[in-house]
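Asker: Build the full structure now, drawing on both the sequences and the hints.
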Amino acid sequence: MSNLIWKIKSFEEITTSELYEIIKARVDVFVVEQDCPYPDLDGYDQKAIHLWAEQDKSVLAYCRVFDKGIKYPETSIGRVLTTEKARGKSLGKQLIQYAVETIENRFHTTEVRISAQDYLLRFYSGFGFEDTGKKYLEDNIPHTEMFRK
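According to full-length UniProt numbering, the residues represented by the sequence shown are 1 to 149, in order.
Hint data in this document are derived by calculation from the structure and do not stem from the laboratory.
Glycine included, C-beta positions come from ideal geometry on N, C-alpha and C.
Only pairs whose alpha carbons sit at most 25 Å apart, straight line, appear in this in silico BS3-like list of lysine-lysine:
| id | residue 1 | residue 2 |
| --- | --- | --- |
| 1 | K134 | K71 |
| 2 | K93 | K71 |
| 3 | K68 | K149 |
| 4 | K134 | K149 |
| 5 | K93 | K47 |
| 6 | K135 | K149 |
| 7 | K57 | K7 |
| 8 | K24 | K71 |
| 9 | K149 | K47 |
| 10 | K24 | K57 |
| 11 | K68 | K135 |
| 12 | K57 | K9 |
| 13 | K135 | K93 |
If you anchor each label on the Cβ, the simulated ranges turn out as follows:
| id | residue 1 | residue 2 | range |
| --- | --- | --- | --- |
| 14 | G133 | T110 | 15 to 23 Å |
| 15 | L4 | K135 | 33 to 41 Å |
| 16 | N3 | K134 | 37 to 45 Å |
Answerer: Encoded structure:
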């Protein structure tokens with residue numbers, strides 16, 4: 001994909017325009033597409049490292065990365081998305097690869113815990129995540145807690 005740019009920033013480094021595009025992508029995917037009226041602005045953005053791919057200032061893939069002790073005792077990745085127009089281009093794979101590398105480089109650990117939507121279990125297992133057996137409904141969507149050693 002031409003003129004695709006990957007960015008990684010703390011909350012303080014994000015511009016207001018970037019924040020708008022990030023929130024727009026999250027609402028488009030999680031609230032509108034997945035029909036989940038839930039509070040996307042959960043108070044954790046300020047504690048996250050934000051990782052995303054953009055093209056023409058539009059966010060195509062995004063996730064949040066957390067250090068140990070914020071969401072779980074271990075590091076974690078969340079709010080993982082690929083926007084509708086960016087699907088099928090392996091951006092999700094690149095995103096998770098970059099997120100895992102970010103955790104290894106910044107937080108010096110390989111241990112990551114995530115809450116995965118069940119239809120993505122095989123996708124995450126490709127990165128070394130294993131099903132912990134902890135399953136639950138979150139916003140009426142089946143999730144499984146996964147862990148990577």
